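Each chain, written out:
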Amino acid sequence: MNTSSNLHRSGLILDRRRFLGLSALGISAAALSACGGGPSTSGGGTGAGAVEQIDFSGVKPAKEITFWTSNPGDSIKVSTEIVEAFNSSQSDITVKLVTAGADYEEIAQKFQTAQTGGDLPDIINLSDVWWFRYKMNDQIIPLDSLFEALEFETDDYVDSLLGDYLYDDAHWAVPWARSTPLFYYNKEHWKKAGLPDQGPESWEEFDEWKTKLASASGAKFAFQFPALAGYAGWTLQNNLWGWGGGWSKEASFDITCNSSEAVEALSFLKDWVYKDKVAGVAGVDQIQDFAAGVASATVGSTGDLITAITSAKFDVGVAPLPAGPAETEKICPTGGSGVGIPKDISPERQLAAGTFIKFLTEPEQAIKFSEATGYVPIRKSADPATIVKKTPQAQVAIDQLPNTRSQDYARVFLPGGDLEMANHMAAILTENKDVQAEMDSLKTALEKIYTDQVEPLI
Amino acid sequence: MTAVTVKRPRQALSGRRIREWLTFLAFVLPNVALIVVFTYRPLFQNIYYSTLNWTLGSKFATPVGLGNYREFFASGEASKVLTTTAIFTVATVGFTLALGLGVALALNRKLPGAGFAQATVFAPYILSGYGVGLAWLYIFDPNIGALSAILRDIGLNSPEWINSPPWTLTMVIIVYVWKNLGYAAVVYLAGLQAVPAELLEAADLDGAGPVRRFFTVTVPLLSPTTFFLMVTTILSSLQAFDLLIAMDKLGRGSRTLIFDAYLTGFKEQSQAGYSAMLSTVLFAILVVLTLIQLIVVERRVHYR
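Here the protein sequences line up with chains A and B, keeping their order. The numbers in my numbering rise by one with no breaks, and the one at position 412 of the first sequence is 412. With positions in the second sequence counted from 1, the corresponding number in my numbering is that position plus 1000.
In short, the hints are calculated from the structure, not lab data. Do not take every clue at face value.
Stretch-level coverage of chain B by chain A, calculated; a stretch enters the list once three of its residues show a Cβ under 8 Å from a Cβ in chain A [said to hold, decoys possible]:
{"no.": "1", "region": "1042-1056"}
{"no.": "2", "region": "1244-1252"}
{"no.": "3", "region": "1266-1276"}
Capping the alpha-carbon separation at 25 Å, the derived lysine-lysine pairs in DSS-like fashion look like this [to be verified]:
{"no.": "4", "chain 1": "A", "residue 1": "Lys220", "chain 2": "A", "residue 2": "Lys270"}
{"no.": "5", "chain 1": "A", "residue 1": "Lys275", "chain 2": "A", "residue 2": "Lys212"}
{"no.": "6", "chain 1": "A", "residue 1": "Lys63", "chain 2": "A", "residue 2": "Lys358"}
{"no.": "7", "chain 1": "A", "residue 1": "Lys187", "chain 2": "A", "residue 2": "Lys330"}
{"no.": "8", "chain 1": "A", "residue 1": "Lys433", "chain 2": "A", "residue 2": "Lys270"}
{"no.": "9", "chain 1": "A", "residue 1": "Lys110", "chain 2": "A", "residue 2": "Lys343"}
{"no.": "10", "chain 1": "A", "residue 1": "Lys110", "chain 2": "A", "residue 2": "Lys63"}
{"no.": "11", "chain 1": "A", "residue 1": "Lys448", "chain 2": "B", "residue 2": "Lys1080"}
{"no.": "12", "chain 1": "A", "residue 1": "Lys343", "chain 2": "B", "residue 2": "Lys1059"}
{"no.": "13", "chain 1": "A", "residue 1": "Lys343", "chain 2": "A", "residue 2": "Lys96"}
{"no.": "14", "chain 1": "A", "residue 1": "Lys110", "chain 2": "B", "residue 2": "Lys1059"}
{"no.": "15", "chain 1": "A", "residue 1": "Lys433", "chain 2": "B", "residue 2": "Lys1080"}
{"no.": "16", "chain 1": "A", "residue 1": "Lys63", "chain 2": "A", "residue 2": "Lys77"}
{"no.": "17", "chain 1": "A", "residue 1": "Lys390", "chain 2": "A", "residue 2": "Lys313"}
{"no.": "18", "chain 1": "B", "residue 1": "Lys1059", "chain 2": "A", "residue 2": "Lys448"}
If you want a taste of the chain B side facing chain A, the calculated C-beta under 7 Å gives, among others [said to hold, decoys possible]:
{"no.": "19", "residue": "Lys1059"}
{"no.": "20", "residue": "Phe1060"}
{"no.": "21", "residue": "Ala1061"}
{"no.": "22", "residue": "Pro1063"}
{"no.": "23", "residue": "Leu1137"}
{"no.": "24", "residue": "Pro1142"}
{"no.": "25", "residue": "Ile1162"}
{"no.": "26", "residue": "Asn1163"}
Small disclaimer: the values here were computed from a predicted structure and weren't measured. Every residue gets a Cβ at the ideal spot worked out from N, C-alpha and C, and that includes glycine.
Construct the complete structure from the given sequences, taking the supplied hints into account.
Right under this line is the structure:
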């Protein structure tokens, strides 16, 4: 009797096929665990209360530090120039620029895994929807003592932009690649429709224009909603605020996305898609579609300005976001990203990081960065003349800054809140689902995130 | 006396066996240690994480027992995600194998440029899934994509590949099959070239036509290759997410189990405990599937 054959039948010999099957089994479950050490179940979050500022007296800055960026607004070239300018301006600190992701999501993912796997950066580019999570998880430091030690001119930062990072009476980041949404329009289509060369004062005014545009322009859409991932939760705050609603109450975790005002605002937009059939939703990138003439108007970031102007073969018009029936003054959310400093690195590295952040956000660098990317200048004393001379449309973004409002907590402080908003808006705008039912479901989802993931840590 | 004569050979055998065992252990232990540390330790750690309410990156977590499992199976999410996983896996494995065999049959001829054709067919397999996804996304874009331009030229409207969940799943399946087809084709080609010509000639002499020869000689002899491809393609389909994340950012159309685990654990929500639970469920499914393949399917494979 052949023993090998018996063993084979009984499944005891590990041949090539069995090996293939069995070896792959463990892989699927190993992804999270491969990141390194796990959490403690015996403690709690940092909790509310006085924030402990780091004492930098007597600390000497580290000689070499790394700056992780996702190169927002295709900023790798200008960031490299700024880093090189810093490195050659002094001999104490050398900054190494690292592209740590293609977007805010990827850099956040890398930073989260670096918390357990080590190899933390010294400066991290953090987006509006991520910094609070880092603060909550005790992963970044409050910067106020650093501002004091390095004599930052904090009064010179645009108040609303620096104020976005204020929580528990401490600042957790410094504004850098900051943006606001803008209304982009195709001037040729406007002309064909006999419209004045300006954006609409209100969404109701655009409601009157849309049919003229649809019939005169020849474009597929009079208006195209931005690709929903990353944009829906952000730009639609303008519409919700305009109707007197919001994802949540101002400066509060009280979720209000299913209020009658919010439902009315979103139903108004949904009608453009399903009733009037003059609007659609971008699949990949609304600015590319807009530049290709697919839509007469869209909403995009100020960070898209240079791309829109250089890609389009027509004159691009830019206007502030329109007002609504309840909030008749034009108002728009801030957005974009700032820079912060990880907690679990030495005070020497933190001090060196602060020194570079001070340089990075000085008026000269701020203007250079804005000029290259289209992001708004973050310093009051920065002279935007060179930006406006090169790109006159940038004036609109600068003028819009005083009309900005910090974003709803539900979007920026709830982990995954933005994603939930995008998914529910997709159901409304691409699957014709009922607005009230979707907003009720969104409220349930957002409240669960708050209860499970935020409340225990604040 | 009998006891002594029996005992001596046993002692001699035992000494040799100990040496063999030591040699065996010397070869095996380093590999076992690697597997234990890098595969099974994370596996058990993952099962532990699946019992926590833990935000990825947070230093603190709350034990919730089987709460994550209850939430998944009670919420209705399980049926949606498992259905999508089943559709994606069956469609990608089925089309990859069927089309791979078709391409292999076409390439299994002595024609000029056959080597170049084989390389061309195989090339997409070695490309990055994320890169392939991004490139095809611009082809499928219903507004400015190449495919929509072609459809417009023949008077058709492009489906909403990106914003309509069923079309998104279809799009992802098409691109996944395109990317992996070359792998199946090359493996099938090797299998076809190992089919003995004399068997085909004998069948020919017995009056069997090309179709009959294919189904009664070639297909049975290819069954080990088919089995091998089934094991590997099912495993890779169940674990595919790079192409999915590039083409379906919100995961509305193609949220398979592994993609759901990735989106929940590593993207905005960062719910590491819940994500670990999804990975554990996937692990259980893989165990069952692998056992079925080893016990049931392999018995139907014809080895020469």
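Hint numbers not upheld by this structure, sorted from lowest to highest: none
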